[in-house]
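**Student:** This is what each chain is made of:
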Amino acid sequence: MVQTMDISFALNGKEYKLSVPANAVLLDIIRDKMHLTGTKEGCGRGECGACTILFNGRSVNACLILAPQADGAEIVTVEGADVERKLLSIQKAFVEEGAIQCGFCTPGMIMSSLYLLNKNPNPSISEIREGISGNLCRCTGYVKIIKAVERASKDIGK
Amino acid sequence: MIMEDFKYIGKSVPRIDAADKASGKIKYMSDLNFPGMLFGKILRAKYPHALIKKIDTSQAKALPGVVAVVTWEDVPGLNGFGIVTPDQPVLCKDKVRYIGDAVAAIAAETKELAEKALTLIDVEYEPLPVVDDPIKAIQSDSPKVHDDGNIHLHTKVVRGDVRKAFEEADLVIEHIYCTGEQEHAFLEIETGIARIEEDDILTIYAGSQYPQRDQMQLSRCLALNPCKIRVVSYPVGGAFGGKDELTIQPILGLLVLKTKRPVKMVMTREESVISYWKRHPMIMKYKTGVKKDGTLVANKVIIYADTGAYASLGGPVVNLAIEHACGPYKLSNVDIEGYCIYTNNGVSGAFRGFGVPETAFAIETQMDIIAEKLGINPIELRKKNALQKGDIAPVGNKLTTSVGTVAVLDGISKTKLWKEREKYLVKNTKKPWIKRGFGFALTYQGTGLGVGLPDYGGAILRFCENGGFEVGVGLVDYGQGIGTSYAQIAAEMMKCPIDKIKVVLGDTALTADSGPTSASRGLYLGGKATIIAAEKMMTVLKEKTSEMLKVSVDNLDAENGYICMKNQPEKKISYEEIAAQFMKETDHLPETEGYFLMPLADMKVENAFGLPHHIFAFSAHLALVEVNTLTGQTKVLKGAEVIDAGDVINRQGLEAQSEGGFVMGMGYGLFENMIIEKGIFKTTNFSTYIIPSAEDIPSDIETVTVTDPEETGPYRAKGVAETVMCATAPAITNAIYNAVGLRIFKLPATSELVYTLLEKKEEKCNESTN
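First to last, the sequence lines map onto chains E and B.
According to the numbering used here, the first sequence is numbered sequentially starting from 1.
According to the numbering used here, the second sequence is numbered sequentially starting from 1001.
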């Protein structure tokens, strides 16, 4: 039997306490226990970026974090516009630039963009490419995603 | 028809589902959970080719928390599925034919228990020799994957007199081309959930490209009346052909019927890779004859396609490859043959392009070689042979619809990349080992299913209480944007704001059967059906208004959500009021349906099922590359596509297709290949099977449209979802030749391949100087 552990964390600005199996993956906790399904699973091993979240301010693949590691952490997901206002500008830019097709990579892509713009409000094109290079997209060819991040950086700067 | 007259058609309307996708609110099938649900898991084959001697599930069944264990004995109906030939078992009985074959399945209270139960199933196998080479597989002494032998389909199309034409040719070019096995790599893995809903309806929520066909196939397998099955498939996180055939649905359905509880099934990426569809690897022998002036006179082609263990759409893929094997060129002497071959190398099926990216690589390399050997400008060579309206296509059909070959070739000169290519091609004096090159390639792609297959679009239009409309089309939007196009069309037709249109897709209970979401047919057929349903709805609204205003229908017009008098536009009734009137009178709102049959070619190609097609989209692909001669690595610096899409419905959507298609084609050309050794997959995840990332793409991908309106199309448009990826690979390999003088005959042109070829070339060069 796997041991359970009591953990608490802040998710999108709200405090939660819960008991989790010691081997649970944070992604599953977010999706299945917290019912925030905006964060997607595309590979389960940190290769596609669909599950990107902010974890103590850094972008991480939620599929590579064990739930007990989240004890005391501040977590922001794509649903976290209440705590990260920039998310609204980024989401709007993705919609308007046509950067979304099937949309399955979109939440992760948006979270990587948020992390990038948090640390670098005026990224160059090559910095944007690098910033989203851990997020795979099979539909768009990335062109419009890069434009959306560029646009969001301008909109946020206004 | 002037595009400016339209409010929505031809405009860059943002996707109607984009905001919900950006906020994470939208629920994919994999995001659904139901109370009391069980978790399903599938036991896959242990060997790529083996006889099953015994399956013992007793230990798995005894594990507490396991609710059901199913094997072939539990399949109530036909233990077989497959779009054309249902030769793939839902659960294998006496033989496994590839490493992803399903042998048993479990439903348990938790994922962990289901996984543990899998290890408790005891299957006794007798391994058989692995059939892994398609050419050897068709020899008479090869072990057989299926009892009937390893040739699933052999098609031969002959026109004219090839032998004589080769004798008369001034130049004959012969090469063998090989293409890799491409993985769809959609981000949402095959995943789904199912349960029994109201009225005992088995409802399957799983990513699909044709819910109505899934319903039919499931009804056969599960021995259930199709009206007792509902399939829901929207939104879908990518498909590209890979969700055209059934995947997890029959087993999911079986587990629900067995347990009477909801069951969720989540594949891992690795399981998805070994179990489901890929692009056919092909070996293609080409012999092309040409006159000194560049006139093509003969083409002899033999295609060997590895379809893996089961048929699925392998036959139609080979036939489409045959139809497009000569490119969009005039050729009256052709001998084109294709074999679709069973092996134990996974399963191949539908994938964007459907045989065309493969043959486009071959014919466009042949054309580049011919242009060089004859000293003819490669654009001029293609123009000289270009198919035009009224011409006879290589397989014998007369082209009577729009043909954009010349328009596309002329469009090349309109791209920035073409105009500035000389500037980009300057030698890198600081790093002389870096060489640049420019290349292009031309392609085309048939729309729809072809002759002999039921090919229709269907749409339901429902009038809503708010004066808006709901469009219900059975096709699925898995990223390509058809839902938004239908909204544009419905809003334009119904003369109402687009936010009054709701689109429902891919749901057998709420939408009209509109055929498969494949073959670049979604916009064309769903769009036409929506137009027809809307015309009928407009008549219904006008008739009701004519009663209300007591005027003749002929005096009525529609404008911005109102039906108004033609001469007195201020005398009008809003759609909302009309809806209220219907409710008052009948407590019911009207709905209309539109059906449209695909126009077909006026002949069929003998012994080539589905051929020919009637409507084609055309495109030219351009690439500027940089080859590092020290490492063999090729980088695409700039790309462009010139596309004939007829009149464009949504500019932004078209660009998105073009950019995404180019990058997928680039992956196919440079690094994507599923490595399978003796039936075992070696590249089952994204760190071994590499798809392009944002750092791999060119700095610029231009999209230039040339309009050759398709009069039969919705607002004269045609679909381009496939042609946009079909010639990117040969554009890149032609550019590699331009950069370093190496002809690439094998895809992908990996660094290793280019490096090895460069070494050989140097050796040869040294030999000749010594």
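What the hints contain is simulated information worked out from the structure, not anything from laboratory work.
Do not take every clue at face value.
[Claimed, not checked] Here are the simulated DSSO-like pairs of lysine-lysine, each with C-alpha atoms no more than 27 Å apart in a straight line:
1) B/K1635 / B/K1414
2) B/K1156 / E/K147
3) E/K147 / B/K1419
4) E/K14 / B/K1025
5) E/K86 / B/K1007
6) B/K1025 / E/K17
7) E/K17 / B/K1095
8) E/K92 / B/K1500
9) E/K92 / B/K1027
10) B/K1116 / E/K33
11) B/K1291 / B/K1156
**Student:** Hint by hint, work out which the structure violates, then give me just those numbers in ascending order.
**Tutor:** 2, 5, 7
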